[in-house]
Amino acid sequence: MNINSQSDIDYWLEIMRVSFNRSNISKKDFYDNVIQHPYYSVIETFFLVDGVKPIAIVSAAYFKKNNKIGVTHYLGISQEYKGQKLGKYMILYALHYLRKNGFNQCEAESYLKYKESLGIHFNFGFKPKTKFENCNTFDNSNLISKILTKSELLKFYKNFYKNK
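Quick note on numbering: the sequence shown equals residues 1092 to 1255 in this note's numbering.
Since the hints were derived computationally from the structure, they do not count as laboratory data. Here a beta-carbon is modelled for each residue, glycine too, at the ideal position from N, C-alpha and C. The reader is advised that the hints may include incorrect statements.
[Said to hold, decoys possible] Quick list of the computed label-pair ranges, beta carbon to beta carbon:
hint, residue 1, residue 2, range
1, Leu1239, Gly1142, 39 to 49 Å
2, Phe1137, Ser1117, 13 to 23 Å
3, Lys1191, Asn1115, 30 to 40 Å
Can you make the complete structure from the sequences, with help from the hints?
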């Protein structure tokens, strides 16, 4: 992706709008989440295209607080292409890119509501962290919220492997 290309930015916005069902995503969101993200430095953003139409997107990044740890960021798949395992291949591509560029450790962050993304990462060997930490991002949640979220994530992780 060329971050200076208006058409590439427009494609990114379109994919994010349909992927996350958020019609209000704007150019400011692109800059806030890709160019000037508070926790990540995005190295590269990749499109998957069908002919000439971008249908999926993912970014490879690293944590600003710990530039030795890579992270996949903002996976998005156009609605009509969901269910074809494209997310798996987009994440795999970003992970290979990070590895090729010297990252030996990667982490992933997601919201609990994105179960498909969590499952893809679990299939690649990612595991929930076992302790609370703010080494890479700043979690300003209250302790009860952190405990409940951690509990839900661990429960999802256990059920994910139990149902395989």
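Hints, verified against the model:
{"no.": "1", "hint": "Leu1239 x Gly1142: 39 to 49 Å", "in the structure": "holds (45 Å)"}
{"no.": "2", "hint": "Phe1137 x Ser1117: 13 to 23 Å", "in the structure": "holds (22 Å)"}
{"no.": "3", "hint": "Lys1191 x Asn1115: 30 to 40 Å", "in the structure": "holds (36 Å)"}
Hint violations for this structure: none, all hints satisfied.
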